[in-house]
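> Got chain A; can you put chains B, C and D on it based on the hints?
Number of protein chains: 4
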Amino acid sequence: MKLTKEQEQEIKDQQNQETSTKRVAAPELEKILYEAIPILDHGFIRVVDYMGNDTSIVQAARVSYGKGTKKVSTDSGLIKYLMRHWHSTPFEMCEIKYHVKLPIFIARQWIRHRTANVNEYSARYSILDKEFYLPNIENLAAQSQSNRQGRGDTLQGEQAQKVLSLLKKDAEQTYDNYEMMLNERYDGSVINENAVGLARELARMNLTLNTYTQWYWKTDLLNLMNFLRLRADHHAQYEIRTYAEAMLNTLKKWVPITYEAFMDYRVGGTEVSAKGKIILQKLIKGEEVNVDQSGLSKREWNELMIAFGLKDKLI
Amino acid sequence: MKLTKEQEQEIKDQQNQETSTKRVAAPELEKILYEAIPILDHGFIRVVDYMGNDTSIVQAARVSYGKGTKKVSTDSGLIKYLMRHWHSTPFEMCEIKYHVKLPIFIARQWIRHRTANVNEYSARYSILDKEFYLPNIENLAAQSQSNRQGRGDTLQGEQAQKVLSLLKKDAEQTYDNYEMMLNERYDGSVINENAVGLARELARMNLTLNTYTQWYWKTDLLNLMNFLRLRADHHAQYEIRTYAEAMLNTLKKWVPITYEAFMDYRVGGTEVSAKGKIILQKLIKGEEVNVDQSGLSKREWNELMIAFGLKDKLI
Amino acid sequence: MKLTKEQEQEIKDQQNQETSTKRVAAPELEKILYEAIPILDHGFIRVVDYMGNDTSIVQAARVSYGKGTKKVSTDSGLIKYLMRHWHSTPFEMCEIKYHVKLPIFIARQWIRHRTANVNEYSARYSILDKEFYLPNIENLAAQSQSNRQGRGDTLQGEQAQKVLSLLKKDAEQTYDNYEMMLNERYDGSVINENAVGLARELARMNLTLNTYTQWYWKTDLLNLMNFLRLRADHHAQYEIRTYAEAMLNTLKKWVPITYEAFMDYRVGGTEVSAKGKIILQKLIKGEEVNVDQSGLSKREWNELMIAFGLKDKLI
Amino acid sequence: MKLTKEQEQEIKDQQNQETSTKRVAAPELEKILYEAIPILDHGFIRVVDYMGNDTSIVQAARVSYGKGTKKVSTDSGLIKYLMRHWHSTPFEMCEIKYHVKLPIFIARQWIRHRTANVNEYSARYSILDKEFYLPNIENLAAQSQSNRQGRGDTLQGEQAQKVLSLLKKDAEQTYDNYEMMLNERYDGSVINENAVGLARELARMNLTLNTYTQWYWKTDLLNLMNFLRLRADHHAQYEIRTYAEAMLNTLKKWVPITYEAFMDYRVGGTEVSAKGKIILQKLIKGEEVNVDQSGLSKREWNELMIAFGLKDKLI
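Protein chains in written order, with the numbering used here: chain A, 1 to 315; chain B, 1 to 315; chain C, 1 to 315; chain D, 1 to 315.
These aren't lab readings, by the way, just hints derived from the structure by calculation. Nothing false has been slipped in among the hints.
Note that identical chains are pooled: a pair holds if it fits in a single copy or bridges any two copies.
Lysine-lysine pairs mimicking DSS-like chemistry, simulated, CA-CA at most 25 Å apart:
1) K282 - K80
2) K169 - K130
3) K2 - K31
4) K298 - K80
5) K275 - K252
Just chain A, same shape as in the assembly (with noise of 0.2 Å):
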């Protein structure tokens, strides 16, 4: 991540605004706010504005005229059951925005989350920066054999060599064409003064989906944790991930009571059908247990003894 020095005097500029406030605050976040946080190659996170924190939830849930809480145990235990229980309201209480710079297919995953608020650098209005995300060499992954839409072993040595030299070529080069066409580099400069240059809506096209955007990402605190339940989820894509993960830091930040029952809750937490829980009865019994008459399939049996520990029960 690299940031001009007009970028960097600006964050600081913000950094160094003091104002004083009625609201209640995160002090915690207050010392990370604005922060340009590394993600990946050239993507970062910051924190650019929150509202409310842990006790924003408990005041709404019992709505209340005043700060509602008296001691933080008693908060803590109540964001705990309104978590267990999935009570969802009063942690739509909280709001935060993150200025969020990324890879253009991860945007496309990330937009299917719709209960955001979004506004995008706009590539119909300006030009994109020169910046695509190469992977590192150890999450260059093959596709997985078993899983469709996953990755399987790193790729090694030479091959690996040549897939990072094609996607490095290939976004450099639709990248100069980008600016052929626009007849404008990234940094303003006219390359023919001559000549008109191509709309920016259409010379867009021409860019690779490795390309970074930015945007303003703004969401509740409900639809965050339904983001981040999915997207640090060892199942999501290692590059949405990475952000995931860095997000939920922030979150531990700004309402840590909420983030520890999320984290035993959601995240550490698990599943169960009605009957893998006759499977996990008998299991408990000490009955004998098998594939074939638990009315799971193979892949549901393997997905439940993995939940569980239970290594030696896998098929």
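Structure of chains B, C and D alone, referenced to chain A:
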């Protein structure tokens, strides 16, 4: 509106909390933060939190690294442009949270605006306050003869008194019986030590629709304006309009530039249909116009004439 | 539930209309289309339209050109997989529309589900039917002593009779006064020819919350399942649960494969927290467990034990 | 647009399925159901399902037991009234589903409309088709000089040819390398039997933004009109506008009465600000008007004059 001493103290405590923040603030709104602004006979609105101000809109529209603004005049021009051309997403970058006390029949209109977050006081869990909306005598209007969904003249003398007295008597009686069924008064005292009370989730069904409820209601600036546009309009029912008007004042304190653009382009503006445009064009050219050749219905014709102050053309 | 002859005829007319369509259909659901299924004393649900069936989910998941299905067994496997892994978007591809008659206090719970489309009968515009919900005597429960948001034992004898009689009397009296204020009866007859009536939008505030209203309610399959999961649950208030249970039957007729997966993975399934997982793992290994070392609260411990039928471990 | 024989057959099979239903239908829309309507060079839209027609709007607005309509003329008046007064919920009672093939950079604009359901072809799971959008020569426009977000004159001769050739070459080369990295061609053939391929979720990042993708896209009538209003507008980018225009035709076949009202009140209509209203009123009275005293910016002034065909007042 009557707050208990405990509630008043809770509000004061919140108003006295001063924190330092790096977030942007809205100084005029801070001045009235947490304050209970009285509406109708027992209702209120209180702004209890907010996020962002006018500069947040500009910052998001530009996907800026910094404050996103150099001169107020430029910001103002951009905000007006965004409003005029129905750009919606930058206005979603600001968020506000209200605590509202309101009669149930108004709450039922209000909740139709779905793009908001709501936590309502639970009558399954708690006993509702003994407070009902009784209109002022000047707001006791007859059914409109021309508009099946509106009000006509004010009721007079004896009839008005009778209506008021019925409303009062029925609300009080049903509330008394609500307490009786609960076997508990609103102050928590038990009525008959030897009896059990009906479940709260059932007893509440005996209350009338003018009973007050309360909720936390949070929305973004775009959806707040959509709400205010409809509910501060003269077609809206008087009771919800009084809430909307008080909220318009908070909008002005929060985002003064946006407020001005909103009043010009939305509240004070009008829409003209394709057929209406032709009529106006003829009028500007000094040509004769009449309803029969216009393709407009009588009602539509009159709506157009009223919008442009052409009373002599009313039919 | 009592329909007027005119209403019965309108329903019959709809049921007799047969059109040819190229759209996919749900034969079992067609059989009960438009039928008013009675709920509580005066309520009903009617399926009035739908779009898609089980094959639509498969078709969308595959972004197929055709019907998106070869064998029922493959479809079923895919739908189960999607349900198990919380894939949400394919289930959004089916849509259903209900006409529902329900008491206002239940309508207020129901409307909290925001991702649906609603048109409610307008009491600003029309006079509400003279129908109130009066519980059956076996549903008149006392307030629960253990759960502030639930029901305990059924009220007995005299007390039950008294509650019923209060509910009936208050509903009738407030309705009579509603008519009086309107100067019009629910059948349209004027009460006093020489007087004007109070505006409908005001008079309605005198009605009690057990008065019936009605609406058209349309939602997609995903959000219908979210609704049913919460509202057919035993924690839900009895009155809304009866609606949810009747809707579960319509779900089964509409999308039988999805219904089965829903019952297995959602309704009949359970969630286990990270801490709960450790307890279950110990139980499976035959180790001793106890609440003090578990990190679980007493309540949480009991919820886990109940979920897995371990009554001897209850504390 | 080129469909494989298998795809053509799948479409024909769907078109040949005739079912009897009690649901309301839209006869004109049935005629083109499933048909792939070509857009741009390789794109298409297909209506694959729908729910409701004009009568459904009327039925919901009246919360009717039956068809909700007596005479077409009454229905038409009611629909116009609802449209004119921005009643939104009755229009949400109809639903439509499209299968769309479109370039990725257009898909990125399209997805900004969040109130729709989407299932996109997954490039994590499958290989994308070898199809890229290459504009017709008459659509190769220069960047607009006056509007940073628009197009100016068409590019001429050699420059146009060069742009086209760059777009074609880059798209083909990056696609070839995509296949190379996957070690698999789009027809499924393996390139090098002794090598493994890069994971699909990674290889896709090498594709250019004019590569075609496809999705199922479902929305309700209200949100479809919001989409069309913005995307069929002359400010919209040409490429998405061609999709919107084709969809306008399907709207007309589906709900002809609503379509007419939509064209009159939304598409052909205009909005006038509070300040603009004063200008028009003066013009109607024959008074002098000028920009300096109007409170309007030059740009705003011109937008108003153009809207009302007052070319002589342009500044």
